[in-house]
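Please build the complex by placing chain G on the supplied structure of chain D, with the hints as guidance.
Quick note, the sequences are listed as chains D and G, same order. Quick note, the first sequence lines up with residues 1 to 335 if you use this note's numbering. Quick note, the second sequence lines up with residues 336 to 1018 if you use this note's numbering.
Each hint should be verified, as a subset may be incorrect.
Simulated restraints on C-beta separations [stated by the list, open to error]:
hint : chain 1 : residue 1 : chain 2 : residue 2 : range
1    : G       : Pro410    : D       : Arg170    : 41 to 47 Å
2    : D       : Tyr163    : G       : Asp934    : 47 to 53 Å
3    : D       : Val168    : G       : Thr805    : 54 to 60 Å
4    : D       : Gln293    : G       : Ala937    : 39 to 45 Å
5    : G       : Glu689    : D       : Gln143    : 34 to 40 Å
6    : G       : Asp1000   : D       : Arg170    : 19 to 25 Å
7    : D       : Ser188    : G       : Pro410    : 37 to 43 Å
8    : G       : Glu940    : D       : Val168    : 51 to 57 Å
9    : D       : Pro153    : G       : Leu688    : 25 to 31 Å
10   : D       : Phe156    : G       : Leu688    : 19 to 25 Å
11   : G       : Leu688    : D       : Ile122    : 38 to 44 Å
12   : G       : Glu689    : D       : Val117    : 36 to 42 Å
Don't read these hints as lab results, they were simulated from the structure. Each residue gets a CB set at the ideal place from its N, CA and C atoms; glycine is no exception.
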Amino acid sequence: MLNFVFRRALSALGLLFVMSVVTFVLIQAPPGDYASTLKATAMSRGGMNAADAEMLEQQTRERLGLDQPIPVQYAQWIGGIVTRGDFGPSFLQNRPAASVIGERIWWTLGIAIACHVLATVIGVGLGIWAAVHQRRFGDSFAQIFAFLGMTIPRFFMALVILYMLAFVFRSPYIGSLFSADYIFAPWSFGRFWDLVLHIWPVIVIAAFGGLAYNLRVMRGNLLDVLRQPYIEAARAKGLPERKVILKHAVPNAAHPLVMYQGVIMPYMVSGELEVAIILAIPTIGPLMLQSLQQQDIYVTATIFLLLSAILVIGNFLADLALAFIDPRIRHGARS
Amino acid sequence: MAALACAGPWGLAQAAGNEAVGDKLKPAEPIPMGKSLQQGGTTQVPYDQLMQVKALDGYSEPDWVAELVQSGVLPPVEERLPAEPIVVDTTSVDGSGAYGGVLRHVSGARPQGWNWMAGNTMAWGGVEEIISQCLVRNGPVWMLTPEKTEPLPQLATSWEWSEDGKALTMHLLEGAKWSDGDPFDAEDVMFMWEDNISDMNVPAWGRPQAFGEGTTLERVDDYTIRWRFQNAFPTATLYQMGYQKLCPGPSHILKPLHPRYNPEATYQSYQSALRPENVPWVSMGPWTVTQYQSDQIMVMRRNPYFYEVDQEGKQLPYLDEVQYKLSSWEDRTIQTVSGSADYANMEDPSIYLESLRRAQSPDFANQIIWGARALDWSMYMNLSAVCGVEDESDLALRELFRDRAFRRLITQAVDREALGQSLVRGPFIMPHAGGLHLETEFGDPSMVTYYPYDADGVRAGLTEMGFEDTDGDGIVNWPEGGPRAGQNLDISLLHTSLYTTDVNIAQSLTTMFREVGVNVVLRPHSQDAEQILDTCQWDWAIRRENQPNQAPILSLEEMAPLSPNFPKWHLGSPDKPRELLGFEQELTDIVEQIRYAPDANARNELFRAYNKVFTENVYTVGLIQVPAAIVINKRFRNVPPGTPIVAYGWGEEGAMRERFWVPADLQGDVPELGEDTLPGIEN
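So that you can see chain D by itself, here it is in the shape it has in the complex:
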């Protein structure tokens, strides 16, 4: 088992390395860099004349090391991470990328976990209910619900909710985590409730897709299991239907969902990012978009690295869980 863990950890690290190289090269692929973005900003917003802007661009490129070849820039970035835990600077905010991202990552993860829990609890519950009520009104309703959840793009849902909140309901709870008067206030129930009022659209939309997936998988698997002979045997023994479903059928139908937990986090995070961008909630999503647009390369690269790490770690943990319960996996399934 230890050998297996070691091999998987090594390959996870290798994968992270490859992903970091690929993302770093990709984000540098478009023409221009932060210095040229700054030049454009200096001219359009700062009203700087062309000659000065050109000089500012050159100086900025030299100061920030953007005139170095990409492999050198990459080596400096990854070297800083490995040796000092330094993820490079955010040019846009003039402070370390880690600090810019650090302020937002906990909100992102918190929202993603909340979405995950909701999607799992409600999705599985609805899936069980739909399977048990197969071909009845409730089942059809749940199927339509799942269909909508899996097919409506999250950004579209976000746009609709934003429109309704802003222009129909004139809600003051848009585009932030807290109302102005709660931003500097200490935690209290009032502050928590204010947060809920701001954040529910992100959670609802991001959870909706995952919920629909859980519902469909749970319903399908449970229907399969409910046709198994041992379920009939349980019923024949006179067990109450509730016990048959929850004790014998559901645990056996939940395997695919358990396996799915390893990769669900990146899905939830990406859902949160998409919605947060539209709703302007200060999590990683809007930061990622802004850093991409304005070529704040170390912030972009660090966010991609972080998302890759979440994916790799999730898969790693899922593999470990599988290996723990299934010896064929840890022994390479040779037999």
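Relative to chain D, chain G alone:
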């Protein structure tokens, strides 16, 4: 003006033939003029009335500030103000206002720190005009009456030229103080000039040569400085002494952080020293930052030492607080229209009708204040014969664009009325002939040569030039004898895909050009369109212009090929200088005259002459002119009618926020976060 032939050697019509091309087309006609959308006209105030430097009989302040004076934590208002403060006129708007109230902004940018002299940005969206005050003030110039338009006083209150015109003596605001009570004087200005702008290690927003080669600045006494220029009367340089350029920071705080005065400091530490969370920040502005929460909000409170008063002696600003929510630019519009924020620029024609429809409702929170038709979309043709030209085939295309006859054909292939109506129905959009805007203080229809839509004439003109559809596919083919002989006339059109309007215009143009036999291939790009323009790897490009065509005095170097970087549609390459077209020298000469023109009237005459040459030669293919509006909550007073979203500055500054006020009964609508507090004052 005679047609300037620049025909290539590949069988295209020569000079005489080009004249014949013109004969096929409808002649120039007066440009269609639209009714202005500005309600109540434009605010017009004489220069000497808008801002005066003089002592008044007495001064007053908000009651709660007077209480702080009574309690001894603050000097009396007379001592906090300069002996001769700047008296701002409010009679031209709604009059002297009530103290109190909050203005809520949303910004999509983030502050890097407060040391703007070292290249830090301060979140944009009007933050920088509040926190950094400059020698002169450009933003409100748009509302001055034509007999005198020049920069307004700010930290420099007056200036006079020497007899030979090579020295400019400026008098500083005597007795003014920073928001912490430290005196402002020439030391602050000289620190900015010598240790920031002139220190190449500091990534400043401007360098000395922006004020002309060889320009120097010296301190005469505590409240007098003197500029020396190599050429006489560079009057346009005054405009370079405003927004973002000559805006001193507090030397009493920054000097100890500068490596020249502190051996332990580095240039990096100097640039990064004043973190955004370093509040309250010290400013000369009407408000200064007192609370900051990263990615969420900046709160600014009134500066008790601000140097402006109204004509009744009330110390400005009227509003106690400004909030800047840190979100996204898209969110700014959404929050403002929904009433959660108070101010935004409306510059996307696709939302005009919907916004006006909503504004009909009495419970709509905002007023929409239309400015001039000051946004325009134009199409550039790449006129460079050297930059981005890799072979004879590229050169053939560029030589075609350099032919005025061809440019005229292309401009007359555009149905501008249809283009405008396809974007938004109604009286919003007008044809644009290229160049400067008509709705400026120098605008006059006679300065425009407008070539009307004429598809039949264009088809005949192309035939005259030798382009015929030889393969029957609806697209004309290049004439025999050149590297593109027999090929379709295919031209790529670069445009940004970030904005709906640009995409719609590009698609409409494709259809219009196809009707005359020109195949335009769309080349959408997102962030990198600007970089592609700089590398010359493009044929045609669509771009939105605003400030350079509305207030060209601020961007003279962009108007003609004076510097290697402009105009964008005619760049040279590092090893080959660009080959100027005949009229380009004429444009350059006019711009040089503008730089040294003694007064606004002479300058305006030259601007009109410039635009005539520009449009006659179809230097760019103008498309449409569009008005813009500011959206501001109805509770504010003293918002000048006709405020442009951008002219001599952005609308936030052009509107003069320090004289905004809110009637007392409406102030409770938005509570103050720092009620009864002043920056740095314990109470």
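Original post:
So which hints don't hold here, by number, going up?
Top reply: Checked against the structure, no hint fails, so every one of them is satisfied.
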